[in-house]
Amino acid sequence: MATLIAQQQPTARPVKPTTQLRTTLWLLVSLIVVAAFWSVQIKWSSLADFPSQLIKYLGLMLFPPDWSKFGEAFKATILSVQMAWIGTILGIIVSFPLSFLASRGLAPRAVNAPLRFIFAVIRAVPEVVIAILILSVTGLTPFTGALALAVGSIGTLGKWGYEAFEGVDPGPKEAVRSTGGGTLALIRWGVWPSAAPEVLSFWLYRFEINVRASAILGLIGAGGIGKMLQDNVQFRNWDAVGMLLVVVVVVTMAIDQISGAVRNKLIHGTWRAPRRAS
Amino acid sequence: MSTSLSSPTQHRHERPTKPKLGAKYAAATAVLLIITIWAGIGVQVDLPAIAANWRNATTNIVQLLQPDYGFFPKTIPALLETLQMAVIATVISSALSLPLAFLASRATNPRPKLLAAVRFLMNMIRSVPDILFASILVAVVGVGALSGIMALVLFNISIIVKLVSESLDGEDAGAQEAALAAGASWPKANRAAMLPQILPSFASQVLYTFELNIRASTVIGLVGAGGLGILIDNVRSFFRYHELSLIILEILVLVLVLEALSAWLRKKLV
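Residue numbers (the working numbering), protein chains in the order written: chain A, 1 to 278; chain B, 1001 to 1270.
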């Protein structure tokens, strides 16, 4: 080993890599940026009174927020979270087997490639657009929102899943193969035990994303906190909007904390993240 | 060679007992099942309705599969606006978020109170979805690209600051310590010792947010913030599914092409 490396070491100094391509690319990027600023139709002058406007509206929204509709807002938030949950569960149920089929080595290439393409296409379409597409089948209900989130989840969970399955240590896989295990045994004993913590934490992460996205879906009428927010913005009930924003922020942060704790439990075995040795 | 060092008492002859996790797993499954049923009742999961609506839906789906390419010239201005919004928002937010990232990292900000304040603010901004910012900003600033850009900037800053400050936390602080020991102020030490280390990760996060922006700027128009979203809203309310399908196709192509481009740029520039 050592002799091999010694032989490979070049005797001459390495040539300095050319920077021509990088320079051209940077120029091109700058050009695009300048063009975008120059061509966009914006009245930049309206930015001048933005700070005062911002303070005015923040004052209207938050000092003080209107807590009279808190009960309704709380119910709407719960509905949003339920939408996110059902969306995540359905997404997991569909994407879990599919991501095995999309992994190289666990299914034939002819199955891998189309699945990966489908995942990429789904990831390219925003959830709101998926919801608009599904609307025509299911109508404007919270269930539509959940379905849209489920479809959106399949794209990301499918991709993260097959990446995790392909990245596992080959040792256990070889062990299963060498003892005559079939593909199912390979998945159960060679792949799943090593990939499980990572995959479970992806599911949690996707749930966090779905909580945020479910608020967005309300804007097109799928119900939940987004719908209530949109209604109040349209009628300029700023103090109610402020209250809703507080609710959204608190609930999202709380869910992030809980799911972060569960994730730590899954990966490190403790509820709190272990302190990094420094 | 390591076997001679380890003491023989560490060798166990009996097998370790298998941990009893059955009850724990059962409890976890039960909790998950209960939450799922509760949520399912909440969102009114109704599978028969899908089957019933399916017949109505088939005509819509057939329309969706036939994009109206004649509509393309009319979408060009909106398409361009989407691109402009994404580029401008990415540039502004990357400029604003670099100093904020240094303030939000324990490794580069010696003041605990300022650190906590910046982190809290960023967490708060991050928990509001971009389209909600957009719907409020449209009311404050007015309909158009400006409110969209501002919503994207707010959203991007929180993401870039989080990711870059985390990579700052993980960097080697040796050079920074040396700079501080030689009498540099914190900003100078950070500039000389920490900035060069995180520039590659910063650049790749910026490209990543650009991809996010392309996707987001296609939809924030739904609330009036400019770009393709406004068009989507128009054709959707008049049930023009042929045109809707063309717009979705455009989004698809735009996102896939720009993602490929940004992956290539990342390889070349970072």
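There's no promise every hint is true.
Partner residues aside, some chain A positions facing chain B, computed with beta carbon under 7 Å [what the hints assert, rightly or not]: (1) T23; (2) L28; (3) V34; (4) V40; (5) I42; (6) P51; (7) Q53; (8) I55; (9) L98; (10) L140; (11) P142; (12) I209; (13) R212; (14) V233; (15) V247; (16) V249.
No lab work stands behind these hints, which were simulated from the structure alone.
Here a beta-carbon is modelled for each residue, glycine too, at the ideal position from N, C-alpha and C.
A quick look at each hint next to the structure:
1. T23: 11 Å, violated
2. L28: With a minimum Cβ separation of about 10 Å from chain B (threshold 7 Å), the hint on A/L28 is violated.
3. V34: Nearest chain B Cβ about 10 Å off; hint violated.
4. V40: This hint holds: A/V40 lies near chain B, its Cβ roughly 4 Å from the closest one there, short of 7 Å.
5. I42: 5 Å, holds
6. P51: 11 Å, violated
7. Q53: Since the shortest Cβ distance to chain B is 6 Å, the answer is holds.
8. I55: 11 Å, violated
9. L98: Violated. Min distance 20 Å.
10. L140: 12 Å, violated
11. P142: 4 Å, holds
12. I209: This interface hint is violated because 10 Å lies over the 7 Å limit.
13. R212: Status holds, d = 5 Å.
14. V233: Holds, because the Cβ-Cβ distance from A/V233 to chain B comes to roughly 5 Å (cut-off 7 Å).
15. V247: A/V247 check fails; min Cβ-Cβ to chain B is 11 Å, beyond 7 Å.
16. V249: 5 Å, holds
Of the hints listed earlier, those the structure fails to meet are numbers 1, 2, 3, 6, 8, 9, 10, 12, 15, in rising order.
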